[in-house]
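Whole structure, please, built from the sequences with the hints as guidance.
Protein chains in written order, with my numbering: chain A, 1 to 112; chain B, 113 to 231.
Don't read these hints as lab results, they were simulated from the structure. By construction, the Cβ of each residue, glycine as well, lies at the ideal position given by its N, Cα and C atoms. Some clues are possibly wrong.
[As the list claims (entries may be wrong)] Label pairs and their computed distance ranges (CB to CB): (1) B:Q154 / A:R94: 35 to 45 Å; (2) A:A29 / B:S121: 32 to 42 Å; (3) A:N18 / B:A184: 43 to 53 Å; (4) A:N96 / B:G173: 18 to 28 Å; (5) A:K111 / B:E175: 23 to 33 Å; (6) B:K132 / A:E39: 20 to 30 Å.
Listed below are the residues making up each chain.
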Amino acid sequence: GESVGLHLPTLSVQEGDNSIINCAYSNSASDYFIWYKQESGKGPQFIIDIRSNMDKRQGQRVTVLLNKTVKHLSLQIAATQPGDSAVYFCAERRSNTGKLIFGQGTTLQVKP
Amino acid sequence: GAVVSQHPSWVICKSGTSVKIECRSLDFQATTMFWYRQFPKQSLMLMATSNEGSKATYEQGVEKDKFLINHASLTLSTLTVTSAHPEDSSFYICSGRGGSRTSSYNEQFFGPGTRLTVL
Numbered sequence: 001g002e003s004v005g006l007h008l009p010t011l012s013v014q015e016g017d018n019s020i021i022n023c024a025y026s027n028s029a030s031d032y033f034i035w036y037k038q039e040s041g042k043g044p045q046f047i048i049d050i051r052s053n054m055d056k057r058q059g060q061r062v063t064v065l066l067n068k069t070v071k072h073l074s075l076q077i078a079a080t081q082p083g084d085s086a087v088y089f090c091a092e093r094r095s096n097t098g099k100l101i102f103g104q105g106t107t108l109q110v111k112p
Numbered sequence: 113g114a115v116v117s118q119h120p121s122w123v124i125c126k127s128g129t130s131v132k133i134e135c136r137s138l139d140f141q142a143t144t145m146f147w148y149r150q151f152p153k154q155s156l157m158l159m160a161t162s163n164e165g166s167k168a169t170y171e172q173g174v175e176k177d178k179f180l181i182n183h184a185s186l187t188l189s190t191l192t193v194t195s196a197h198p199e200d201s202s203f204y205i206c207s208g209r210g211g212s213r214t215s216s217y218n219e220q221f222f223g224p225g226t227r228l229t230v231l
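Right under this line is the structure:
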């Protein structure tokens, strides 16, 4: 199957610091992007999404940035907390099929 | 967000037997349901897409005769792993999407997953 690539497999941060998780995608036909959080043994949990006609979107403690020129997506988590420890996936939706394709995932470890 | 449930949450079976996993959308009508498989420390890989009342569309490399998908109603889809083998052991996750089949912006809601272990 297809996948969207991620730059770093593991990110370790100190509690209270900001986290930045990156994602590269390859398909310019994708017009909708989503970040998911997955805790061990659970299904993906929606965090934030962004459409391709935007370059930034903010939520509660999270911000997603989209750079279509270089096909890059990032998730910023402010004041990272231990409860943020999980695997984070970016996903892109192909506009022609509606399928959601997941990236490889980044493990976020928050040190107390 | 809307809720998707899966049953069972985990199952252990013997090699050669068949296992059925149910996926239900509890508070919305899922026009389209997706089935994903996730191996340890890997990403979710899309297996198949099914629209209510239609045959499922399988991704390349996924055997349709081995992974039988039924989407008989707008709230229920089932995945049956036939003649299961140890290499089929994985985390199976379903996802439902409501609304128009042609709209790409309708949100997908994920189930909690089913852990299958084949001995």
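Going through the hints against the structure:
1. B:Q154 / A:R94: 35 to 45 Å: Violated, since B:Q154 and A:R94 (Cβ atoms, about 20 Å apart) do not stay within the stated range.
2. A:A29 / B:S121: 32 to 42 Å: For A:A29 and B:S121 the Cβ distance comes to about 36 Å; the hint holds.
3. A:N18 / B:A184: 43 to 53 Å: holds, 47 Å
4. A:N96 / B:G173: 18 to 28 Å: holds, 20 Å
5. A:K111 / B:E175: 23 to 33 Å: violated, 43 Å
6. B:K132 / A:E39: 20 to 30 Å: holds, 26 Å
In summary, the structure is inconsistent with hints 1, 5 from the numbered list given earlier, while agreeing with the others.
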